[in-house]
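Asker: Those protein sequences? They're chains P and H, same order as listed.
With our numbering applied, the first sequence covers 4 to 481.
With our numbering applied, the second sequence covers 42 to 349.
To be clear, the hints were calculated from the coordinates, so they are not data collected in a lab.
A portion of the hints provided could be inaccurate.
Said to hold, decoys possible - In silico DSS-like cross-links for lysine-lysine, where the CA-CA straight-line distance does not exceed 25 Å: (1) P/K29 <-> H/K47; (2) H/K47 <-> P/K193; (3) H/K43 <-> P/K449; (4) P/K353 <-> P/K314; (5) P/K193 <-> P/K449; (6) H/K136 <-> H/K126; (7) H/K43 <-> P/K193.
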Amino acid sequence: MLFNSIHFALFLPVVWLLYWFAAKNKLQRQNRLLLLASLYFYASWDWRFLLLLSFSILLDYASGIQIERVQKKSSKKIWLILSIGINLGFLGIFKYFNFFSETFADACHLMGFKTHPLLLNVVLPVGISFYTFHGLSYVIDIYYQRIKAEKNLVDYALFVSFFPLLVAGPIERATHLLPQLKKVRTFDYKNSVNGLRQILWGLFKKMVIADQCADFADTIFNHYAGFSGSTRMVGAFFFTIQIYCDFSGYSDMALGIARLLGIDLLRNFAFPYFSRNMAEFWRRWHISLSSWFRDYVYIPLGGSKGNTFTKIRNVFIIFLLSGFWHGANFTFIFWGLLNALFILPSVIFKSNRNYMEIVAKGRTWPTLGEFTSMFITFCLAIFAWIFFRSPNLNSAFNYLNGIFSSSLFSKPEIFPKLLLLQVGIMIFIEWLGREQQYGIERFASKWPRILRWGFYYVLILTCIYYAGVEKQFIYFQF
Amino acid sequence: MKQFIKYCLRFLLPLTIVAVFFEIALRKIPNDYQYKNTYLNQHSNELEVLFLGSSHIFYGINPDYIRCRSFNAAHVSQTLDLDYKILISHENNWKSLKYIVIPVDYFSFYSQLAQTAEDWRLKNYIIYDGIYSSFNPNYYSELSSNNMHDNIERYKKYYFHSTSDITCNSLGWGNNYQSNHGKNLDTTGKFAARSHLAKNNELFEENVSILGNIIAFAKAKNIAIILISCPAYYTYTQNLNTSQYQKTKETAIQLCNAYSRCHYYNFFEDARFLNTDFYDANHLNEIGARKFSLQLDSIIKLKENQFN
Numbered sequence: 004m005l006f007n008s009i010h011f012a013l014f015l016p017v018v019w020l021l022y023w024f025a026a027k028n029k030l031q032r033q034n035r036l037l038l039l040a041s042l043y044f045y046a047s048w049d050w051r052f053l054l055l056l057s058f059s060i061l062l063d064y065a066s067g068i069q070i071e072r073v074q075k076k077s078s079k080k081i082w083l084i085l086s087i088g089i090n091l092g093f094l095g096i097f098k099y100f101n102f103f104s105e106t107f108a109d110a111c112h113l114m115g116f117k118t119h120p121l122l123l124n125v126v127l128p129v130g131i132s133f134y135t136f137h138g139l140s141y142v143i144d145i146y147y148q149r150i151k152a153e154k155n156l157v158d159y160a161l162f163v164s165f166f167p168l169l170v171a172g173p174i175e176r177a178t179h180l181l182p183q184l185k186k187v188r189t190f191d192y193k194n195s196v197n198g199l200r201q202i203l204w205g206l207f208k209k210m211v212i213a214d215q216c217a218d219f220a221d222t223i224f225n226h227y228a229g230f231s232g233s234t235r236m237v238g239a240f241f242f243t244i245q246i247y248c249d250f251s252g253y254s255d256m257a258l259g260i261a262r263l264l265g266i267d268l269l270r271n272f273a274f275p276y277f278s279r280n281m282a283e284f285w286r287r288w289h290i291s292l293s294s295w296f297r298d299y300v301y302i303p304l305g306g307s308k309g310n311t312f313t314k315i316r317n318v319f320i321i322f323l324l325s326g327f328w329h330g331a332n333f334t335f336i337f338w339g340l341l342n343a344l345f346i347l348p349s350v351i352f353k354s355n356r357n358y359m360e361i362v363a364k365g366r367t368w369p370t371l372g373e374f375t376s377m378f379i380t381f382c383l384a385i386f387a388w389i390f391f392r393s394p395n396l397n398s399a400f401n402y403l404n405g406i407f408s409s410s411l412f413s414k415p416e417i418f419p420k421l422l423l424l425q426v427g428i429m430i431f432i433e434w435l436g437r438e439q440q441y442g443i444e445r446f447a448s449k450w451p452r453i454l455r456w457g458f459y460y461v462l463i464l465t466c467i468y469y470a471g472v473e474k475q476f477i478y479f480q481f
Numbered sequence: 042m043k044q045f046i047k048y049c050l051r052f053l054l055p056l057t058i059v060a061v062f063f064e065i066a067l068r069k070i071p072n073d074y075q076y077k078n079t080y081l082n083q084h085s086n087e088l089e090v091l092f093l094g095s096s097h098i099f100y101g102i103n104p105d106y107i108r109c110r111s112f113n114a115a116h117v118s119q120t121l122d123l124d125y126k127i128l129i130s131h132e133n134n135w136k137s138l139k140y141i142v143i144p145v146d147y148f149s150f151y152s153q154l155a156q157t158a159e160d161w162r163l164k165n166y167i168i169y170d171g172i173y174s175s176f177n178p179n180y181y182s183e184l185s186s187n188n189m190h191d192n193i194e195r196y197k198k199y200y201f202h203s204t205s206d207i208t209c210n211s212l213g214w215g216n217n218y219q220s221n222h223g224k225n226l227d228t229t230g231k232f233a234a235r236s237h238l239a240k241n242n243e244l245f246e247e248n249v250s251i252l253g254n255i256i257a258f259a260k261a262k263n264i265a266i267i268l269i270s271c272p273a274y275y276t277y278t279q280n281l282n283t284s285q286y287q288k289t290k291e292t293a294i295q296l297c298n299a300y301s302r303c304h305y306y307n308f309f310e311d312a313r314f315l316n317t318d319f320y321d322a323n324h325l326n327e328i329g330a331r332k333f334s335l336q337l338d339s340i341i342k343l344k345e346n347q348f349n
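The whole structure should be built from the sequences, with the hints applied where relevant.
Answerer: Okay, structure coming up:
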C-alpha cells in the first residue's frame, strides 16, 4: 500500500476517524489501534513479511528487557551481541547473501577456481533495513543506559512498526518516539492542518516531479549509449531531482501522516540541495540515517577527534557503511566512497561544522559566493548519483565517459521544457520555505482563504493529472 | 476537531463533485467491454460459436466470415481466468452454443491479467462486465485506473468530437489493426517475444487447471472445444524460448485427451500467413484476419459434418 494509492487514501481516513473517535483520550486503545493499522499496512505488501517483522520485534523486546535485567556487564554484552548479531544476520541473509556469494564466486574465478555461487531465491522484505535499525538503536541505547527497556509489548511493537515510518523511515530513536507513545495524544487543529499541508507537498513532489523525472532518467540511463553527453547530463540532473523528490516526498508524507495522529517524527530532509558544501549536504540529506551512523558508529570510533589518519579512517568507514546500507552492489559502495572523498577536505580542514544554519537566513536571495558554493555542491551530488543510479560500475564509468566529451556542448536530444519549468517552480517554492520544516509550511499562509485553497487545489489537480501507474518509492528497495 | 472535519469536507466537496461528474461521464462513453457484455446478454442463447481470448483472437478472427452464428468475445490482454469468468457469467444462456474457440498461445499458461502491467484493464471486467472482484480499489473506477491525461483525451474525443471508444465491429472483431498502418515486423517480433517470455512458472498449474475447467464446462454441456495457436510472423516465433513453446503445445495436446470433442490446431508457424497478413509480428491485420477466419470456418464446417 503506497502513500500515493487509492488504497491508502481509503485506509488513512478510516484509521484517523477510529483513532480520534473510538480511541479518543484512551492511551491503550490509541496504541492498539495504531499497531493493528500498522500490521495491516505492512501485510498489504505480503503477509509473510509480518513473520519476520514480528520476530524482529520480539527479539529486540526480549533482548532489551534482558539487557536491563541482568546485573553482570558481560551478560549484558552477550545479550546485546546476540540481538545485534541476529538482527544483522537476517539483514545479511535477505539483503546481502547473494551479493557476497556472487562476489566470492567471481573472486574464485579470477584465481582460476570454478565455483557456482549459491544463490537464495528470496524476496527482500520491504523496510527491513529501516526496522532493523530501529531495533538496533533501541538495544544499544538500553545497553548504554540512555533509556529504560520498554515493558509493554504493544508500545514497543508500535515503536518499531508505526506505519508512517515502517517501510522507508525516518529511522526513529526510542528516546524520541517511545515517550510520545506513553502519553495520550490529543487532537490539535493547527498540527493537523500542518500535517495535511505536508502530506500534500510530499504528494506533489512524488507524483508530479519525481515520477515524471523518473521516466526521463530511466530512458536516458537505460539507453545511455545512444545519447550525447548533454543528454546524459540531463538524465543525471533528472535522477538527482527524482531521488530527492521521491525520498523527501515520502518523508514529508510520513511526517504529515504522523502529525495527523498527534505524533512528531524526526525530520529527514532539510533542503539538502541548498547546501554550500558536502558536509552540510550530509547534515541535510536523510538526516535520520546520517545521525544514526554518527551516533552509533562514527562517535564510538572516535568521530573527528584524534589524529588526521583516525579522522580519515572514520569518515571512510561511515560512508562505506552508508553506501552498503543502501544495497548489495558495488555501485552503492563506490557512491559511499565518493561522498567520503568529497567530505574529506572539510573534515581535515575542520570546516565541516561551518554552515550550520540554512543558506541566506533572513534574506531572500543568496550572495554570489553562496550561490557558487551551492552550485558546486549540487554538481558534486549529481556526479555521485550517477554511480547510485547505474546498474554496475562499468555502466557508470561509461555513462560519465560520454558526459566528459565534446558532445556535452551539443543540444540535448531529450529536453522536456514543461517538466523543467515544474522542477523550477518546486525549487523556487522550497527556496522560499527553506527556513521552515518543509516547502509550503508557511507558503500562502497569509493569502485570503480563497487564494490559499486555490493554490492547494492546483497542487491536488496537478497530482491527479500526473497520477498514472503507481510507482514505488526508490527507498522501498533498501 | 469538528471545525477540522468541517473544513476538510468543505475543501473536498468541489473536488468530489468534479470527480463524480467525470467518473459518470467516462462510464457513459461506449466501449468494447460494455458493447460485448450487452451483446452477450441479449444474444448468448442464439450463438453457435464463441471466440474467447486475447488480442490475437480479438484482431485475428472476424465472425463475419464464419457461417454459423458467432461472436468474438476476446479482448486485448484477456487471459484464461477471464475467459472462464465470461463463460460462467452466461452459464445458463449458452442454449445453442456448439463451439468454443480458445487460443493457446506462447504466454497463455504463464500469465494472468492481474499480474501484468496491463492490470488496469481489470476495471472493465468489474465496471462493465461485473464478472471480476478485487481488493484493489483502483480497479473500481475509471478515474483511478487510467491516467488522467488519457481520461481527458477520451472525454474530449467523445463529448467534443463524437468519437467513441469502440474499436470492434458488430460481431466483436477488433478492426483497427489495418494493413495500411502496419508496424515494423522485425522490431515488434523481438520486442513481443521478449515481453511474452515467462518470468516464472508460478501461474502455470493454475492456468492449466482453468483451461481444464473450461473443457469440463464444455463437456458437461456437450459443446466442442477448439484450441488454437494463432499465426505469428517468424521474427516473433524464432525469438521465442523453445521449451516454453514446447511445453505450451504439449499441454494443449494433453488437455484435449480429456475430452473427445476437444481439438488442438496449431497455426503458429503456418506458412500460409505472409508478411502482408500481419499488422505486427504477432497480430494479424484485416487481410490476415479474413484468411484466418475462413480457415477456422472450414474447420468448424468439417467438424459439423463429422459430428452429424
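Asker: If you check each hint against the structure, which ones fail?
Answerer: Violated: none.
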